[in-house]
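There are 2 protein chains.
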Amino acid sequence: MHQRIYIQEVAPRDGLQIEARFVSTADKIALIDALSRTGVAKIEATSFTSPKAIPNLADAGEVMAGMTRHKHVDYVALVPNERGAERALAAGADELNLVMSASDSHGLANLRMTPWQSLERFPAILDLARGRNVFINASISTAFGCPFDGEVPASRVIDIIERLTAMGIRGISLCDTTGMANPAQVRTLCKEVLGRWPELMLTLHVHNTRGMGLANVLAAWQAGVSRFDAALGGLGGCPFAPGASGNVCTEDLVHMFEEMGVDTGVDLDALLAVSRTLPDLVGHDVPGQVVKAGRSSRRYPLPESVRAR
Amino acid sequence: MHQRIYIQEVAPRDGLQIEARFVSTADKIALIDALSRTGVAKIEATSFTSPKAIPNLADAGEVMAGMTRHKHVDYVALVPNERGAERALAAGADELNLVMSASDSHGLANLRMTPWQSLERFPAILDLARGRNVFINASISTAFGCPFDGEVPASRVIDIIERLTAMGIRGISLCDTTGMANPAQVRTLCKEVLGRWPELMLTLHVHNTRGMGLANVLAAWQAGVSRFDAALGGLGGCPFAPGASGNVCTEDLVHMFEEMGVDTGVDLDALLAVSRTLPDLVGHDVPGQVVKAGRSSRRYPLPESVRAR
Chain A
1 MHQRIYIQEV APRDGLQIEA RFVSTADKIA LIDALSRTGV AKIEATSFTS PKAIPNLADA
61 GEVMAGMTRH KHVDYVALVP NERGAERALA AGADELNLVM SASDSHGLAN LRMTPWQSLE
121 RFPAILDLAR GRNVFINASI STAFGCPFDG EVPASRVIDI IERLTAMGIR GISLCDTTGM
181 ANPAQVRTLC KEVLGRWPEL MLTLHVHNTR GMGLANVLAA WQAGVSRFDA ALGGLGGCPF
241 APGASGNVCT EDLVHMFEEM GVDTGVDLDA LLAVSRTLPD LVGHDVPGQV VKAGRSSRRY
301 PLPESVRAR
Chain B
1 MHQRIYIQEV APRDGLQIEA RFVSTADKIA LIDALSRTGV AKIEATSFTS PKAIPNLADA
61 GEVMAGMTRH KHVDYVALVP NERGAERALA AGADELNLVM SASDSHGLAN LRMTPWQSLE
121 RFPAILDLAR GRNVFINASI STAFGCPFDG EVPASRVIDI IERLTAMGIR GISLCDTTGM
181 ANPAQVRTLC KEVLGRWPEL MLTLHVHNTR GMGLANVLAA WQAGVSRFDA ALGGLGGCPF
241 APGASGNVCT EDLVHMFEEM GVDTGVDLDA LLAVSRTLPD LVGHDVPGQV VKAGRSSRRY
301 PLPESVRAR
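Heads up: the sequence lines are chains A and B, in that order. In this text, residue positions in the first sequence follow this note's numbering: the first is 1, and each later residue adds one. In this text, residue positions in the second sequence follow this note's numbering: the first is 1, and each later residue adds one.
Since the hints were derived computationally from the structure, they do not count as laboratory data. Be a bit skeptical, because a hint or two may be false.
[As the list claims (entries may be wrong)] Taking lysine to aspartate or glutamate pairs in the DMTMM-like style, the calculated list, with each CA pair at most 20 Å apart, reads:
| hint | chain 1 | residue 1 | chain 2 | residue 2 |
| --- | --- | --- | --- | --- |
| 1 | A | 71 | A | 59 |
| 2 | A | 71 | A | 95 |
| 3 | B | 52 | B | 94 |
| 4 | A | 292 | B | 285 |
| 5 | B | 52 | A | 62 |
| 6 | B | 292 | B | 280 |
| 7 | A | 52 | B | 304 |
| 8 | B | 292 | A | 285 |
| 9 | B | 71 | B | 267 |
| 10 | B | 71 | B | 104 |
| 11 | B | 191 | B | 162 |
| 12 | B | 292 | B | 267 |
[Said to hold, decoys possible] If you want the ones that stay clear, here's a sample from chain A, every Cβ over 12 Å from chain B, calculated:
| hint | residue |
| --- | --- |
| 13 | 39 |
| 14 | 81 |
| 15 | 83 |
| 16 | 151 |
| 17 | 195 |
| 18 | 295 |
| 19 | 296 |
| 20 | 307 |
[To be verified] Far from chain B, by Cβ distances over 12 Å, these chain A residues were calculated:
| hint | residue |
| --- | --- |
| 21 | 4 |
| 22 | 27 |
| 23 | 61 |
| 24 | 91 |
| 25 | 110 |
| 26 | 112 |
| 27 | 135 |
| 28 | 171 |
| 29 | 176 |
| 30 | 192 |
| 31 | 244 |
| 32 | 251 |
| 33 | 259 |
| 34 | 270 |
| 35 | 282 |
| 36 | 306 |
This structure is a prediction, so every number in the text was calculated from the model and none was measured. Note that the Cβ used here is the ideal one computed from N, Cα and C, for glycine as well.
Put together the whole structure using the sequences plus the hints.
Structure (structure tokens):
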């Protein structure tokens, strides 16, 4: 089990895309800039999708142009197609996060493509990126189950990874888009993937829809995974996946690992300070728990009855 | 790792004790009766404490007298002292759950006794129970940390268990009273305890204060623990432990294990049906997530855009 893990903060993309209200470009930039100073390894800054599909992220280019890049942070852009890839490359993304689904119905609902159609489109995106200093990651949505199709066999996910790695892709994210995964399933799939592709940069992306977020993260870590997506405050959700709710919460994940003695590279106090700004930013309470309860090391004053003894 | 786990439902005690409003005796009885039909192994029905200290459970005797006992369920009463034990025995409890703290300050705040004073009092309670067909469990609060004193060394908990087992006590609950435990700590302590006392009926009791509830349960299960306390809806908290919030949620815990293929003995649908009555019972929303999201196996209809293809 790795004693150092790496966090990709996805709140600016996965978090803000689903919010009821548009977060201003200036506020998005301020959020990314604040996150850049917390020690996270990567920030998924935005998504170069159709503004019609995801109006909240219509300002993707302005956000990437306005943010201040920190040398220790990789800035990632989600891209669903060639047009998105061109825009993300023009914006200077350090990494393109290609997205596809493991299940037919979610693929069709989210991207209007089956997994096999997505795989046919990816080489054209890779061609656009060739010769540029940009890392390519592929996110496999509904890798642990689909809200429409139900169970997604591990063999299908393995088959998809086989094809992705054959294209030269070295980064894969297994995404539990609607929080259907359980720890036994996460452990089995992650072990199988890392067993077959030990050099793969494998990331786990989970949602906390059914309360298993941190348990699934723990199971993946035990299976050898050291890269995790998480969203500040537990924001997040997929507009094209009914029942989706927030991502696993970054500060709660960082807190758990730090308490376990595992280095996350993140300054938890700095992260909590940014988290405290979220309710004002999005206009509602957010699910994160450590920001409310304080760290496990928090001490309370003795009650009067004890002090008086 | 055990393929069958046993659930003690603690909402009627740990859940209702902290609620702002008094739940009527009839409603408590109805809750216990409904829980009795779900397949949980034990129900902590009430606490025989001073009505001044815990006014919400002042009707402990009436509750125990009014509920309908199910032959497959053990009905447990929490008892802080001899007076409580006498009342619990008179009420026909199947099990007395003696309570003490691992830390001095929480012991003084909650029970007006240090751990060592509690240990001196226990033999008198055991004398009362001798010759009766009643199981004795001892719950060790703040076993993973104290909100006043901070870190609680594992050696102190081991020392306490040594003394409890020397008295003939065969059931011990390790309680993370204010959700300070992390999975590495839970694994280490549970492994040590089960290594030393393989025959011990060891129960893990965790609160989800910092989001680690199910991760801690998973870690304990991996360490060989098969008995878990949990509260329906994630109710719960200790009035004498600042920062305490809800117990790990029973239906979320059952759902996780059932999804993992581990038998809980519980009918999850029946449990979810009882959980749906909670907001009306306590007058507010509760933290449980599966009751809102549905099981992982929940399916949604295909969106029109996909159906129209």
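Verification of the supplied hints:
1. 71(A) <-> 59(A): 23 Å, violated
2. 71(A) <-> 95(A): 14 Å, holds
3. 52(B) <-> 94(B): Violated, at about 25 Å.
4. 292(A) <-> 285(B): 17 Å, holds
5. 52(B) <-> 62(A): Status violated; Cα separation ~61 Å.
6. 292(B) <-> 280(B): 15 Å, holds
7. 52(A) <-> 304(B): 17 Å, holds
8. 292(B) <-> 285(A): 17 Å, holds
9. 71(B) <-> 267(B): Distance ~16 Å between residue 71(B) and residue 267(B) Cα, so the pair holds.
10. 71(B) <-> 104(B): 39 Å, violated
11. 191(B) <-> 162(B): 15 Å, holds
12. 292(B) <-> 267(B): Cα-Cα ~17 Å, so holds.
13. 39: Per Cβ check, residue 39(A) is outside 12 Å of chain B; nearest 20 Å; holds.
14. 81: 17 Å, holds
15. 83: About 20 Å separates residue 83(A) from the closest Cβ of chain B, which puts it past 12 Å; holds.
16. 151: Nearest chain B Cβ is 8 Å from residue 151(A), so the label is violated.
17. 195: 20 Å, holds
18. 295: 8 Å, violated
19. 296: 4 Å, violated
20. 307: The claim breaks: residue 307(A) does not keep its Cβ more than 12 Å from every Cβ of chain B (closest is about 10 Å).
21. 4: 15 Å, holds
22. 27: Given that every Cβ of chain B is farther than 12 Å from that of residue 27(A), nearest at about 26 Å, it holds.
23. 61: 27 Å, holds
24. 91: 29 Å, holds
25. 110: It is violated; residue 110(A) is separated from chain B by about 10 Å at its closest Cβ, not greater than 12 Å.
26. 112: With a cut-off of 12 Å, residue 112(A) comes too close to chain B, as the shortest Cβ separation is near 8 Å.
27. 135: Given that every Cβ of chain B is farther than 12 Å from that of residue 135(A), nearest at about 30 Å, it holds.
28. 171: 26 Å, holds
29. 176: 10 Å, violated
30. 192: Non-interface label stands for residue 192(A): nearest chain B Cβ at 17 Å, farther than 12 Å.
31. 244: The claim breaks: residue 244(A) does not keep its Cβ more than 12 Å from every Cβ of chain B (closest is about 9 Å).
32. 251: 9 Å, violated
33. 259: 4 Å, violated
34. 270: Per Cβ check, residue 270(A) is outside 12 Å of chain B; nearest 18 Å; holds.
35. 282: Residue 282(A) clear of chain B: closest Cβ-Cβ about 19 Å, beyond 12 Å.
36. 306: Incorrect as stated: the minimum Cβ-Cβ distance to chain B is 5 Å, not above 12 Å.
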